[in-house]
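As you go down the protein sequences, you meet chains A and D in turn.
Numbers 13 to 345, taken from this note's numbering, label the letters of the first sequence in order.
Numbers 13 to 345, taken from this note's numbering, label the letters of the second sequence in order.
These are calculated hints, taken from the structure and not from any lab test.
One should not assume that every hint holds.
[Claimed, not checked] Pairs of lysine-lysine, DSSO-like flavour, derived with a Cα cap of 27 Å:
(1) Lys261(D) x Lys269(A)
(2) Lys329(D) x Lys339(D)
(3) Lys285(D) x Lys254(A)
Note that the coordinates shown come from a computational prediction; the quantities given were computed from them, not determined experimentally.
Single-letter residue listing:
Protein chains: 2
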Amino acid sequence: MSKIAIDIMGGDYAPDEIIKGCVLATKDIDSTLVLVGKEEVIREKLSAYTYDESKIEIMHADEVIEMGESPVMAIRKKKNSSMVVGLKLVKEKQVDGMISAGSTGALLTGATLIVGRIKGVERPAMAPFIPTQTGCSLLIDCGANVDAKPQYLEQFARMGTVYVEECLQIKNPKVGLVNIGTEEEKGNQLTKEAFKLLSESEGINFYGNVEARDIPQGLVDILVCDGFTGNVILKFMEGFGKWLLGMIKVEFLKNIKTKIAALFMKQGISTIKEKFDVAKKGGAPFLGINGLVVKTHGSSKSQEIYSTILQTEGFIKENLVEKLKAKFEENIN
Amino acid sequence: MSKIAIDIMGGDYAPDEIIKGCVLATKDIDSTLVLVGKEEVIREKLSAYTYDESKIEIMHADEVIEMGESPVMAIRKKKNSSMVVGLKLVKEKQVDGMISAGSTGALLTGATLIVGRIKGVERPAMAPFIPTQTGCSLLIDCGANVDAKPQYLEQFARMGTVYVEECLQIKNPKVGLVNIGTEEEKGNQLTKEAFKLLSESEGINFYGNVEARDIPQGLVDILVCDGFTGNVILKFMEGFGKWLLGMIKVEFLKNIKTKIAALFMKQGISTIKEKFDVAKKGGAPFLGINGLVVKTHGSSKSQEIYSTILQTEGFIKENLVEKLKAKFEENIN
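Same shape as in the complex, but just chain A (with noise of 0.2 Å):
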């Protein structure tokens, strides 16, 4: 049976909504979960539950690392911290994968220094769907690797396709390049000289440049791109659709008719809105760690935590990380 760390700490609502998300898990999982953090303020938020305790175990951890820090020293200084603790835990295999809300860079960071990467992945990614016309892409990277190398580019690829093929159950998925034109010889140096290693690269299914213009279609599985332009994609997409939604909600309050408009309407704008949902989306694994750890939206609620705990049991059944590896293992043989 698969054990599952959580840390309690990380997060904007940490610790009440990370533990109730816990909690609303065990009903529907196999998995225990260990829960690290401060034992007895665990214990105490625990006591409020009727939940089946032979599910949650709890990893005593009394330092907390927040959301300022930088990253690199708060990995090395706070050793006792839940989410050092929580790696630490994934490294020596005593969990089968580790979910933290916590600050992305630390968790990377710490990720990579702990649990170490996959042989043949120079750099991990951190990789979530969004949300297209005709279902999701993944977008990777997103901000693990700022400035990035062709060649990450063409490890990303990978990495992607292995995930999106376990994840969507989608064989030979499409991968595009992010670009500012759909010609091949469009881009800056990186996107130039990254077309290249990808359409020559074996194992992945190459679609050519995607316009961000035409993101939202959905003609490819996977997007590419560096890790500044995938952050710049995935967070303008978040503040540009908050912004319509919200033009379209100040125009529905306008007068008697539509108000009756956004009555009749109601249904309609929740489907629209419930495709940008993250909340039932859960977090996003980090592709390229010799281990399971999952980044979940600093903002999670209890309903996220439940999301991507179900999300992790599915990642260690259909063993993700050790598919990545058979992958890469293949090209360094």
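Place chain D on chain A using the hints.
Coordinates of chain D only, in the frame set by chain A:
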């Protein structure tokens, strides 16, 4: 009295819509328009309209630069193209400005090679306004410099400052650096170095980093970034906005009730759409060129050509290029 050259052969709807836009503009401008392109075609198309003939001149040019052509090759080989002939008119000061809806790459290359750069500007930039909650922000650069150096970004900030002061009559406009975090130490190598330069640069009202998520809030008047990032933001906004509004349309068409809602919300939706309507906004001058060269959308129809002509006349009256030159001469001396 000023003169404006128009590339009649550039753009998806050339020459018909370009000529129609020119005729429309004759009613509302003081300038004379110099229509550059195949004389017989221009004469034939013009014969369909009644207009003040003293306001239109024709300059024959029998070649056309197509969208797919290599910019450098096209500019070098097609000496008698409407674009090259128009740019030469600017260089020789026979006109006070030039407008084209043709290939952006070719127009930028041509402007740089034929008209030349302002002293002190290493790279000209393309800078359109993007809509925000509070009005609009200038996004500089949007594709002219896909591999930028930190000092280019500092120069973009200075050019943007002059342009926004002129265009929007905002004194001492706020400049933000597009980045993946708000803290000074966040970003890639380019933005980290640019942050320092922008902080130290005199005559720039530097706000700090702006995350892509916050761009729609309109926190700053000018958003500085490399051309790759700017192009991604601009095009993603276009594609994502279209998709979101398309989804809303689908929901409005679902049943009788939602169709009534659509009727009640007609005004509201068009208010929102207007915010994103490029046709009314006109084109964008290449900032840093030693003459006025204005690029308008490839998909421009007569209404956008009309707007761009009026806008260009405004730039001439405001002495935009002279003011930009003065700003950079100041720094050289």
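> What are the numbers of the hints that this structure violates, sorted from low to high?
Replying inline: Violated: none.
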